[in-house]
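Participant: Below are the chains, spelled out letter by letter.
Protein chains: 2
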Amino acid sequence: MSSEIPDIVIGRLPIYLRELTLLAQEGQEVTSSHELGKRLGISSAQIRKDLSWFGPFGKQGTGYQINYLQEQLKKILQVDHEWPVAVVGAGDLGRALARYGGFAHRGFRIACIFDNDPGKIGSYVGNLQVLGVEKIKEEIAAHHIQIAMIAVPASHAQEVADTLVEAGVRAILNYAPIILSVPDGVRVQYIDPAAHLQHMTYYLR
Amino acid sequence: MSSEIPDIVIGRLPIYLRELTLLAQEGQEVTSSHELGKRLGISSAQIRKDLSWFGPFGKQGTGYQINYLQEQLKKILQVDHEWPVAVVGAGDLGRALARYGGFAHRGFRIACIFDNDPGKIGSYVGNLQVLGVEKIKEEIAAHHIQIAMIAVPASHAQEVADTLVEAGVRAILNYAPIILSVPDGVRVQYIDPAAHLQHMTYYLR
Numbered sequence: 000m001s002s003e004i005p006d007i008v009i010g011r012l013p014i015y016l017r018e019l020t021l022l023a024q025e026g027q028e029v030t031s032s033h034e035l036g037k038r039l040g041i042s043s044a045q046i047r048k049d050l051s052w053f054g055p056f057g058k059q060g061t062g063y064q065i066n067y068l069q070e071q072l073k074k075i076l077q078v079d080h081e082w083p084v085a086v087v088g089a090g091d092l093g094r095a096l097a098r099y100g101g102f103a104h105r106g107f108r109i110a111c112i113f114d115n116d117p118g119k120i121g122s123y124v125g126n127l128q129v130l131g132v133e134k135i136k137e138e139i140a141a142h143h144i145q146i147a148m149i150a151v152p153a154s155h156a157q158e159v160a161d162t163l164v165e166a167g168v169r170a171i172l173n174y175a176p177i178i179l180s181v182p183d184g185v186r187v188q189y190i191d192p193a194a195h196l197q198h199m200t201y202y203l204r
Numbered sequence: 000m001s002s003e004i005p006d007i008v009i010g011r012l013p014i015y016l017r018e019l020t021l022l023a024q025e026g027q028e029v030t031s032s033h034e035l036g037k038r039l040g041i042s043s044a045q046i047r048k049d050l051s052w053f054g055p056f057g058k059q060g061t062g063y064q065i066n067y068l069q070e071q072l073k074k075i076l077q078v079d080h081e082w083p084v085a086v087v088g089a090g091d092l093g094r095a096l097a098r099y100g101g102f103a104h105r106g107f108r109i110a111c112i113f114d115n116d117p118g119k120i121g122s123y124v125g126n127l128q129v130l131g132v133e134k135i136k137e138e139i140a141a142h143h144i145q146i147a148m149i150a151v152p153a154s155h156a157q158e159v160a161d162t163l164v165e166a167g168v169r170a171i172l173n174y175a176p177i178i179l180s181v182p183d184g185v186r187v188q189y190i191d192p193a194a195h196l197q198h199m200t201y202y203l204r
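Chains as they are written, first to last, in numbering that gives the first Met the number 0: chain A, 0 to 204; chain B, 0 to 204.
You may find that some hints are simply not true.
In silico SDA-like links for lysine to any residue, alpha-carbon gap of 25 Å or less [unchecked claim]:
#: 1; chain 1: B; residue 1: K48; chain 2: A; residue 2: K119
#: 2; chain 1: B; residue 1: K58; chain 2: B; residue 2: Y99
#: 3; chain 1: B; residue 1: K73; chain 2: A; residue 2: K74
#: 4; chain 1: B; residue 1: K37; chain 2: A; residue 2: K119
#: 5; chain 1: A; residue 1: K74; chain 2: B; residue 2: L203
#: 6; chain 1: A; residue 1: K119; chain 2: B; residue 2: G118
It should be emphasised that the hints constitute simulated quantities derived from the structure, not laboratory data.
A quick note: this is a predicted structure, and the numbers were derived from the prediction, not measured.
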């Protein structure tokens with residue numbers, strides 16, 4: 000795989016994979032770039048171009064074998080196995096993430112959850128006991144965790160990110176409404192519901 | 000404003016606005032497309048091109064007045080006033096959304112929260128009392144609500160979306176891991192943390 004594949008293409012692969020999984024659940028075995036495009040609001044040409052970076056997945060006129068394309072996308076995205084994930088913050092949001100049912104079949108398992116509040120440390124979220132933030136380094140090393148989600152207030156997020164990176168985390172999903180500063184080689188993605196809402200209010204004329 | 004402005008451009012405006020707000024909080028009064036681009040990981044040419052759809056906001060060589068550009072972006076995105084927002088689902092996630100501090104200064108106020116669980120109806124989330132889902136229509140009409148967030152299990156999300164749309168909602172932020180079917184004229188955005196994680200695992204080689 001070329002390292003020159005645009006990041007925006009990589010970002011669409013999980014969306015294709017999600018839609019293929021839905022189609023499979025609906026009992027379908029074959030799909031086309033036209034069908035996928037219609038369901039996702041993306042042009043079929045864009046979908047064919049994106050997938051062509053990774054190999055020929057379908058034949059002209061016969062479409063894509065859904066199971067096969069799913070497996071290939073999982074391999075490309077490296078979610079054909081399960082990654083342990085750390086959650087920092089055991090407030091409403093952190094607890095919701097730790098209990099969220101949508102990770103299990105998509106390559107992720109919440110392995111530990113941390114908080115700095117003595118009132119929360121020791122309590123359970125599902126099967127997981129909330130650990131103090133001073134345990135982050137040893138837990139992350141022990142479980143070989145490379146991925147973390149930050150669900151703490153904005154004022155603590157950078158400090159938490161620094162600790163996670165020191166501990167060996169290389170991918171952070173940040174729910175706190177601030178931009179994190181991280182060294183090269185560490186990736187950050189942001190969940191910003193207000194930005195999504197603002198994207199839609201533009202159209203509410 | 001032209002209706003031909005690409006949606007992907009509109010989607011970047013909230014990101015620019017967020018970064019301008021941060022810069023202003025840091026005490027800065029002027030910025031440039033280079034500085035913004037560096038902070039956001041977007042090319043300065045892209046930023047100038049995106050903003051040029053809406054007017055000339057800066058002068059060659061003098062950069063952008065942060066306050067002025069913030070005000071203009073707020074007007075363009077229509078968040079120079081506050082929108083009431085409904086939350087459906089009062090589980091961990093719905094409660095986290097209802098209490099989230101990041102909406103207030105970005106144009107949104109959570110106006111009501113609904114659930115179908117008799118054990119939750121009547122309880123309080125901050126100052127808001129959880130209402131039964133059968134109240135959705137009357138509440139949304141009474142508060143002239145056009146925006147809603149769905150934080151219910153996937154199995155209920157489409158039904159909830161149908162009710163919201165019937166009640167007059169035109170913009171939905173969906174946290175349930177399913178694609179919603181909505182009529183033309185209604186916009187949906189998705190929060191899908193697993194897709195963000197998969198985007199990053201691609202690079203964990």
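Participant: Evaluate each hint against the coordinates.
Facilitator: Against the structure, the hints come out as follows:
no., hint, in the structure
1, B:K48 <-> A:K119, "violated, 48 Å"
2, B:K58 <-> B:Y99, "violated, 37 Å"
3, B:K73 <-> A:K74, "violated, 42 Å"
4, B:K37 <-> A:K119, "violated, 38 Å"
5, A:K74 <-> B:L203, "holds, 12 Å"
6, A:K119 <-> B:G118, "holds, 23 Å"
Going down the numbered hints, you'll see the structure goes against 1, 2, 3, 4, while the others check out.
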